[in-house]
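Undergrad: Residues per chain are reported as follows:
There are 2 protein chains.
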Amino acid sequence: VKLYSDPASGNVYKPMLLMAHLGMEYAHIPTTWEDGGTRAPEFLRLNPNGKVPCIEDGDFVLWESGAILNYLARDTPWLPDAPRLKAQVLQWMFFEQYSHEPYIAVARAAMHYDAPGPARDRKIASKGSGGEHALAVMEQHLHACTWFVGDAPTIADIALFAYTHVADEGGFSLAPYPNIRAWIARMQAISGHIPIGPVSD
Amino acid sequence: VKLYSDPASGNVYKPMLLMAHLGMEYAHIPTTWEDGGTRAPEFLRLNPNGKVPCIEDGDFVLWESGAILNYLARDTPWLPDAPRLKAQVLQWMFFEQYSHEPYIAVARAAMHYDAPGPARDRKIASKGSGGEHALAVMEQHLHACTWFVGDAPTIADIALFAYTHVADEGGFSLAPYPNIRAWIARMQAISGHIPIGPVSD
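Listed in order, the protein sequences are those of chains A and B.
Per the working numbering, the very first residue in the first sequence carries number 496; after that it's consecutive.
Per the working numbering, the very first residue in the second sequence carries number 496; after that it's consecutive.
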């Protein structure tokens with residue numbers, strides 16, 4: 496498998512973390528917005544939406560981190576086979592992409608990439624209530640559950656872990672969320688865990 | 496199946512359209528933001544994220560339109576079984592939720608629900624380039640394909656159809672996108688098709 500990747504991206508980190516757990520070998524093809532790689536014609540032929548991650552598995556091309564996680568995790572314990580569990584995995588993955596990432600990841604990206612000033616401050620402030628809402632939903636769910644779906648970690652945990660554990664980099668404190676902090680520690684304790692890559696300066 | 500629903504929501508229309516095609520019976524439970532239903536404690540016990548659609552199938556509760564479509568379409572022609580096709584269905588469904596709906600559906604909602612004025616105009620204008628980008632990605636894909644994945648309609652088509660065919664209600668003209676218009680006509684010609692519900696005034 497070839498992984499078109501940007502080490503700073505939490506969405507890229509998701510398949511990297513899964514493949515680390517699965518012991519899968521893959522080739523990195525660095526492709527970032529900063530170096531123009533995601534807008535290059537040869538990359539747009541693979542993903543017309545111009546985003547990483549994107550994978551090539553032989554002649555099969557797939558983009559969208561959520562789709563890639565489901566594809567790579569098929570027939571492994573990271574994606575349960577029972578229809579109801581499988582549906583709940585997708586529920587939390589769609590929640591992450593719609594109600595979590597656009598606040599928590601976008602605030603983090605603004606802190607790293609936008610020029611300091613009032614425009615950046617307004618952008619980050621506009622993400623506050625949506626991000627806190629997403630964290631509150633997670634906190635409540637983890638009150639009764641060890642993992643997001645079923646009784647073992649799944650790709651739903653990987654999808655939510657990627658940006659949650661670095662939420663502070665976007666200005667979100669996890670101090671009010673003890674269940675989330677305990678779950679983060681459980682994720683990091685799984686054998687094979689790898690950290691997210693550094694954000695380039 | 497019980498469907499917690501708001502007739503104005505394209506996200507609710509997605510499972511309604513699928514169930515119409517599948518000939519599935521279900522009970523509507525009207526639950527809207529306007530009437531406070533999505534913020535009621537008894538609904539938040541089902542979906543702590545406070546959004547419709549949400550379904551109950553016996554004691555099984557599921558929310559997020561993308562997860563509901565995958566659950567209801569399992570073992571039907573609307574969700575192919577081959578791993579690569581199934582992954583591509585998810586790719587387009589995650590694309591829809593991240594790169595399409597937040598522009599095209601949010602502009603439509605602003606036109607319907609926000610008070611006319613400069614704030615609404617700015618909000619709608621801020622959705623323009625993202626929405627046009629999503630439509631351009633779809634247009635290009637449909638140049639070579641009849642349906643988004645494989646050679647028959649899938650839940651990826653349903654997910655993308657819901658807000659695309661009413662994109663004009665958010666100020667997006669489909670005139671520059673002949674492939675999209677032809678695909679919309681193909682979707683509407685499938686036996687069993689039902690229209691989206693009216694937006695309440």
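The set of hints was computed from the structure by calculation and includes no laboratory data.
Be aware that a few hints might be false.
Pair ranges (Cβ atoms, derived) [claimed, not checked]:
hint, chain 1, residue 1, chain 2, residue 2, range
1, A, G666, B, D609, 25 to 31 Å
2, A, G612, B, G625, 20 to 26 Å
3, A, D530, B, G553, 47 to 53 Å
4, A, P693, B, G687, 39 to 45 Å
Keep in mind that this is a model prediction, so the values were computed, not measured.
Ideal Cβ placement from N, Cα and C applies to all residues, glycine included.
Undergrad: Taking the hints in turn, state whether each one holds.
TA: Comparing the hints with the structure gives:
no.: 1; hint: A:G666 with B:D609: 25 to 31 Å; result: holds, 27 Å
no.: 2; hint: A:G612 with B:G625: 20 to 26 Å; result: holds, 23 Å
no.: 3; hint: A:D530 with B:G553: 47 to 53 Å; result: holds, 52 Å
no.: 4; hint: A:P693 with B:G687: 39 to 45 Å; result: violated, 52 Å
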